[in-house]
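Here's the letter readout for the chains.
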Amino acid sequence: SAVISQKPSRDICQRGTSLTIQCQVDSQVTMMFWYRQQPGQSLTLIATANQGSEATYESGFVIDKFPISRPNLTFSTLTVSNMSPEDSSIYLCSVPLLAGGPYNEQFFGPGTRLTVL
Amino acid sequence: RKEVEQDPGPFNVPEGATVAFNCTYSNSASQSFFWYRQDCRKEPKLLMSVYSSGNEDGRFTAQLNRASQYISLLIRDSKLSDSATYLCVVYGTTSGTYKYIFGTGTRLKVLA
Chain A
1 SAVISQKPSR DICQRGTSLT IQCQVDSQVT MMFWYRQQPG QSLTLIATAN
51 QGSEATYESG FVIDKFPISR PNLTFSTLTV SNMSPEDSSI YLCSVPLLAG
101 GPYNEQFFGP GTRLTVL
Chain B
1 RKEVEQDPGP FNVPEGATVA FNCTYSNSAS QSFFWYRQDC RKEPKLLMSV
51 YSSGNEDGRF TAQLNRASQY ISLLIRDSKL SDSATYLCVV YGTTSGTYKY
101 IFGTGTRLKV LA
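As you go down the protein sequences, you meet chains A and B in turn. For the record, in the first sequence the residue sitting at position 26 is 26 according to the numbering used here, with numbers rising by one throughout. For the record, in the second sequence the residue sitting at position 65 is 65 according to the numbering used here, with numbers rising by one throughout.
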C-alpha cells in the first residue's frame, strides 16, 4: 500500500490569488494523478504528473491555470492559479500501486478542500 | 454520452437487504474495472477490482459483462456501515493515454 499526505487539508482563499497544494507519498512512484471533485460530483482527472517530464493535462485543464511540479518520485505540487469561486472544490492526488499496468489499485490522499470567496 | 455512467441514487434500503448497482462504460477497449467506496468528506478507497469471471469478497459480488459493457456490484445482507457512495471506475486508453475514469457514483443509505 501507499500512504499519501496532502497539505493544506483545507483553505479559504480570496479570488484572484493562488494556492499550492502539496502531495507527499511514502514510497517512490512513477505516476501521480491530480483530481478535482466538485461538490456533489465525482472525480475529474486534471493531469498526470510524471517525474522528469511535463505533466499531461486533460481536456479542459491548462498548465497556466493548474501548474504542476514533480521534483522527485515521492512529491508533487498542484497550484490553482488566479482562483475564482468556480475553483471551489476538493483536490486529491493519487498514485497507482504499480505504475502502468491494469488491476492497479489507486491510493488517494485525504484531499484538500478549497473554498474561494 | 458519458464515458462511465451510474445511477446516482440514492438507494435507501433496510438493514439486511440485498442491493445491486450497475455501471455502463462506453470504451470497448477498457482494460480494468473497479468499485471504489467513498464516505462523506473522505477520499475514495478501493472496494474491489472486477475480474472477467466475476468475483466475490464476503458480502460483495462484482460482475463484468464485456459484451454489454456493464459492471455490477451486489451487496448482500446490507449493514448500516455500508452507507456510502459507490464509484465505478474504468481503466483504459483514450487516444493512446491510459487513465482511470470515474463514474458519478451511486449513493447508498442503509436504514435501521
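Worth flagging that the hints you see were computed from the coordinates, not collected in a lab. These numbers come from a predicted model, not from an experiment. The reader is advised that the hints may include incorrect statements.
In the BS3-like style, the derived pairs of lysine-lysine whose C-alpha atoms are separated by at most 30 angstroms in a straight line are [as the list claims (entries may be wrong)]:
id, chain 1, residue 1, chain 2, residue 2
1, B, Lys45, A, Lys7
2, B, Lys2, A, Lys65
3, B, Lys99, A, Lys65
4, B, Lys79, A, Lys7
5, A, Lys65, B, Lys109
6, B, Lys2, B, Lys45
7, B, Lys79, A, Lys65
8, A, Lys7, B, Lys99
| field | Structure versus earlier hints, numbers of those that do not hold, lowest first | value | Of the numbered hints given earlier, those the structure breaks are 4, 5 and 7, listed in rising order.
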